[in-house]
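Visitor: Put chain B on the given structure of chain A with help from the hints.
Quick mapping for you: the protein sequence lines, in order, are chains A and B.
All the letters of the first sequence, read from the start, carry residue numbers 0 to 300 under numbering that gives the first Met the number 0.
All the letters of the second sequence, read from the start, carry residue numbers 0 to 555 under numbering that gives the first Met the number 0.
Simulated from the structure, these hints should not be mistaken for lab results.
There may be inaccurate statements among the hints.
So the derived label-pair ranges between C-beta atoms look like this [to be verified]:
(1) G262/A x P118/B: 46 to 54 Å
(2) R135/A x R375/B: 52 to 60 Å
(3) N219/A x E385/B: 50 to 58 Å
(4) Y257/A x D459/B: 53 to 61 Å
(5) P291/A x E526/B: 53 to 61 Å
Okay, the calculated bits of chain B under chain A, using three or more residues with CB under 8 Å as the criterion [claimed, not checked]:
(6) 223 to 235
(7) 267 to 280
(8) 371 to 381
(9) 419 to 430
Even for Gly, the Cβ is constructed at its ideal location relative to N, Cα and C.
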Amino acid sequence: MSGLDAYRTDVENQWCPGCPNYGILTALMRALHSLELAPHEICLVSGIGQAAKLPHYLRANVFNGLHGRAIPAAIGIHVANPTLTTIVTSGDGDLYGEGGNHLLHAFRRNPDITVVVHNNQIYALTKGQAAPTTPRGERTRLQFDGVEVDPTRMLATAIVHDCSFVARGFAAEIDELSGILRRAIEHRGLSLVEVIQPCITWGNHSVDEYRERIEPAPANHDSTDRHRAIDFALRAPERLVTGVLYETPARPTFAASYRRLIGEGPLAELSPIGRETLERRLDEFTVAGAGPTREPKRKDT
Amino acid sequence: MEDLRLFIVGAAGEGIQTIGEIVARAFLAHGYPVFASQEFESRIRGGHSSVRLRVADAPRNAPTETADVLLAVNSGALEHYRSALRDGGLAIGPEASSEGAGAIGVPFSDLAIAHGGAPIYANAVAAGALCAAVGLPLAVLERVLEETFASKGEEVVRPNLASAKAGFEVASSRLGGARAVEIPARSERYAFASAHETIPIAAAAAGCRFIAAYPMSPSTGIITAFAREKELGVFAEQAEDEIAAINMGLGASAAGARAMTATSGGGFGLMVEGISLAGMIETPIVIILAQRPGPATGLPTRTAQEDLLFALHAGHGEFPKVLLAPSDPQCAIATTIRAFDLADRYQIPAIVLTDQFLADSRFSLERLALSDTLPRANLADPDAIEAYARYRLTGDGVSPRLYFGQGERLVVLDSDEHTQNGHITEDLADVRPAMVEKRLEKVRRLAREMAGPISSEVEDAELVLIGWGSTKGSIDEAVAHLRADGRRVGALHFTELWPLPELAFPEDVRYWTVEGNATGQFARLLEAETGLRIEGRIGRYDGLPIDAETILEELR
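The following block holds chain A by itself, in its conformation from the complex (with noise of 0.2 Å):
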């Protein structure tokens, strides 16, 4: 495991002791390992919750911005540096919630980001309120009768909007979970990956619990199908099935044509567009009156 130790901080973790997030921390480290990728190389994003705390936790370039806007924010750090692997790490609460709005309009957009959704059905940093992947009927801290909406099923909304990779996850196989993370990474366009990850403090249910509903792929799955994905995507929240889900590679990525203008660099290391263009563009808002010239230019004789 000592490859692992070039991704790991000496910053005091805040996630509660046996927390399947240390799972996903793990498997992410599995990953971007097993891809040869150095901390420099990486830039974690996340917004607000516990999850969104993992960044901390790992050797990376790190922007841990607001509640809910950590997909605009991996957009923009994309576009201005595609070097870089960039990865959101966020909570349901974060990503299908407070920023449900940004993911849909990510699918949209299709810029070539990893997105890992920690998914434990709670806001569990605010301490134990219904996330948007609640089921009806869970009891919560403030849905004191049950939860009395549906939760939203984001995997199939992704499938539906054409989400270039689409998986799920299971935070404590973290064989699995690594492997997909990694095929999340280096899939070329937005990657989305919903992981399961039980709370143990805020949450009704126990790992073992949740294991019972955790159902893998089959392994002749076509992940290019996509009502067939469509279909493991609905079993949500009942059954979970888990792997890659769904895979277009074909979609064009966000800013390709830009970039085939510009080239693949840092926009930083652009040079400056010259004075003498802009000072031109300036130069077109002048209009010469067409009248004489009061001072006529003197022939040389």
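Guide: Same frame as chain A, but now just chain B:
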């Protein structure tokens, strides 16, 4: 020519902007400066709109509500705007029935069909009639029409020329002895532009590489310019909302691209948390706040200066930011470049307040020029740093900045309170106070380099008018009027609004503020920050720009 004021009025979709543009270009091509403003309703068709041209021997870049000539392309507009016509002014309407004392009728559509072959050429007829009424030679108009439509081919140029000639001749004959004396041609040259046309060029000059914005009047022209003009080299993305826009901008900025966004009040409201984020993660961003009247949706196509204190206080918590407000398109160049420079050097958000009036009015200026020095990137050298800490305490509040991927040093940014390394902390004894003081130290240092007001005619003044941003032309015009009446009046005009530099106000002078809002926002800011007593507050809040007359009415 002292001051010739032309109103072209009609419904949205009737072509009054085209008429205004052609006549303005004809005056410019004849050697005269034009100030062109417009006011319109928030609709695509119908209603009442006006394009207002002010022509004079020397630029008069200020709005007016009085017309010497009123050209109405429909009868309803003629009635709606007739009260703007000065005594003895000329009205040009579309029908013979509108004729009378000081009014002529020119059947724009009929002449267009007869001479151009289609009603669409009514704009050229109207332009011809207007030129005849003010003494602009037909040949000048014809040249402008040829240039304007050359790219569309001879089959478009020819009917335009025929229609303009018909309008010119019919109006001339109807005017008879009341025809204007022909204006002599001059060779003067003027830059004719709006502030929102110069801002994108200035941003590119300042090194901007990224804009994300959500369409909102009156700010939309800025991202549109970047999308259309690839030569400016700025990546432009239409965001799903203003929250995404500012967060994309901050991500891009953190990854090394100079970034900006542009919006109006409502969208700025959505950006507020992002502005606080910029303050916390110490990442530069420039925000163009094109003001319009609120609250809420307010008057989408009208103008106001209502968001000064909102912008000043935008963002929870305490952190540094800069507020600037240009007064004209050249000032907008300098201000935009300054905003990028200050945002970059201090690693803060910089807000540039414009408004619908500045966005949509074209000024005539002697020239447009970039600032002599353009900002350079203020980035650290990754190879010269042993152990990098993004928020290193340096004493001046500014830490060496690297962008994501600039060498092998890791850059850690956090919206939580953070250590010098950028990691989340709750060390209340040492880290938190040090970080608060670090961020606020920038305000103190900024205040030392912010510019004071531009003063005019203050030496002997017993009354000083104080304004900011887009009202400068009207205030200057009012001062000139009052001076001509023997009043000892001067003006102080601010384009750098926050942080305020140290200011000294001579005593025994009366101070009045002039602002496009109802509550005297800048007056309140000045009183709170400097102890200055503002004796009077002139405010306009009906959605129209402050004109000299509004000021004079209060002071006469």
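Visitor: Evaluate each hint against the coordinates.
Guide: A quick look at each hint next to the structure:
1. G262/A x P118/B: 46 to 54 Å: 51 Å, holds
2. R135/A x R375/B: 52 to 60 Å: The hint (52 to 60 Å, Cβ to Cβ) holds, given that R135/A and R375/B are roughly 58 Å apart.
3. N219/A x E385/B: 50 to 58 Å: 54 Å, holds
4. Y257/A x D459/B: 53 to 61 Å: 57 Å, holds
5. P291/A x E526/B: 53 to 61 Å: Given about 54 Å between the Cβ atoms, the range holds.
6. 223 to 235: Satisfied; 6 residues make the cut.
7. 267 to 280: Satisfied; 4 residues make the cut.
8. 371 to 381: Coverage by chain A holds for the stretch 371 to 381 of chain B (3 residues, Cβ < 8 Å).
9. 419 to 430: holds (count 3)
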